[in-house]
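With the hints as your guide, set chain B onto chain A.
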Amino acid sequence: NAGVMQNPRHLVRRRGQEARLRCSPMKGHSHVYWYRQLPEEGLKFMVYLQKENIIDESGMPKERFSAEFPKEGPSILRIQQVVRGDSAAYFCASSPTSGGNYEQYFGPGTRLTVT
Amino acid sequence: AQTVTQSQPEMSVQEAETVTLSCTYDTSESDYYLFWYKQPPSRQMILVIRQEAYKQQNATENRFSVNFQKAAKSFSLKISDSQLGDAAMYFCAPGGSQGNLIFGKGTKLSVKP
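First to last, the sequence lines map onto chains A and B.
Per the numbering used here, the very first residue in the first sequence carries number 1; after that it's consecutive.
Per the numbering used here, the very first residue in the second sequence carries number 1001; after that it's consecutive.
Just so you know, nobody snuck in bad clues.
Below are the DSS-like pairs computed for lysine-lysine, each with C-alpha atoms no more than 30 Å apart in a straight line: (1) B/Lys1105 <-> B/Lys1078; (2) B/Lys1078 <-> B/Lys1108; (3) B/Lys1078 <-> A/Lys44; (4) B/Lys1108 <-> B/Lys1073; (5) B/Lys1105 <-> A/Lys62; (6) B/Lys1108 <-> B/Lys1055; (7) A/Lys27 <-> A/Lys44; (8) A/Lys44 <-> B/Lys1070; (9) A/Lys44 <-> B/Lys1108; (10) A/Lys27 <-> A/Lys51; (11) A/Lys62 <-> A/Lys44; (12) B/Lys1073 <-> A/Lys44; (13) A/Lys44 <-> A/Lys71; (14) B/Lys1070 <-> B/Lys1055; (15) B/Lys1055 <-> A/Lys44; (16) B/Lys1112 <-> B/Lys1078; (17) B/Lys1055 <-> B/Lys1105; (18) B/Lys1078 <-> B/Lys1055; (19) A/Lys71 <-> A/Lys51; (20) B/Lys1105 <-> A/Lys44; (21) A/Lys51 <-> A/Lys62.
Honestly, the hints are just simulated from the structure, not real lab data.
Keep in mind it's a predicted model, so treat the numbers as computed, not measured.
Only chain A is shown next, with the shape it has when bound in the complex (with noise of 0.2 Å):
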């Protein structure tokens, strides 16, 4: 049973290009999370989807990001126009249902570097 599966590995893009971050849960799974790292910082929630749902995006910032999870494919994190503050690790989640209680599987992360 394959783990979560994140691509591209290592992403980089110029200041106001388009960074696209997939992720593939694991099998089974149908609940996705997203988290970013920040050097030296611990990972700080940006969004929980469910299969075509977005169930709770509190932890993303209101402006040029956005995810989706289809009922076919991967979960995509989409940046628009990125900054250098946007520079971190990008980590994908999978669980196999909602809910506090049951562990979240990661994935490797990509590391979204911006010049």
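Frame of chain A, contents of chain B only:
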């Protein structure tokens, strides 16, 4: 808002010795879970141990155990017989109401041979 405090930015332990990492949190939830995750230099997040807040018994997983004090909102991690492979960042994370995890800033653990 939920907050998590890990008051020890760095800790060091001799191989085979025991070390305790502290964590306090604030939550308005009545039923929740708490987790300790480990992040080695590879940056992969690895679950170390999980505690159910409604259970009084402290969770144990091989060399890892917790001291959970619900009233004090304290959730410390004890690592016994420390090994070189235990060197990593350790994050305390209570579960939020929607299932999202709230992470502390982490404690960097070094293990001396």
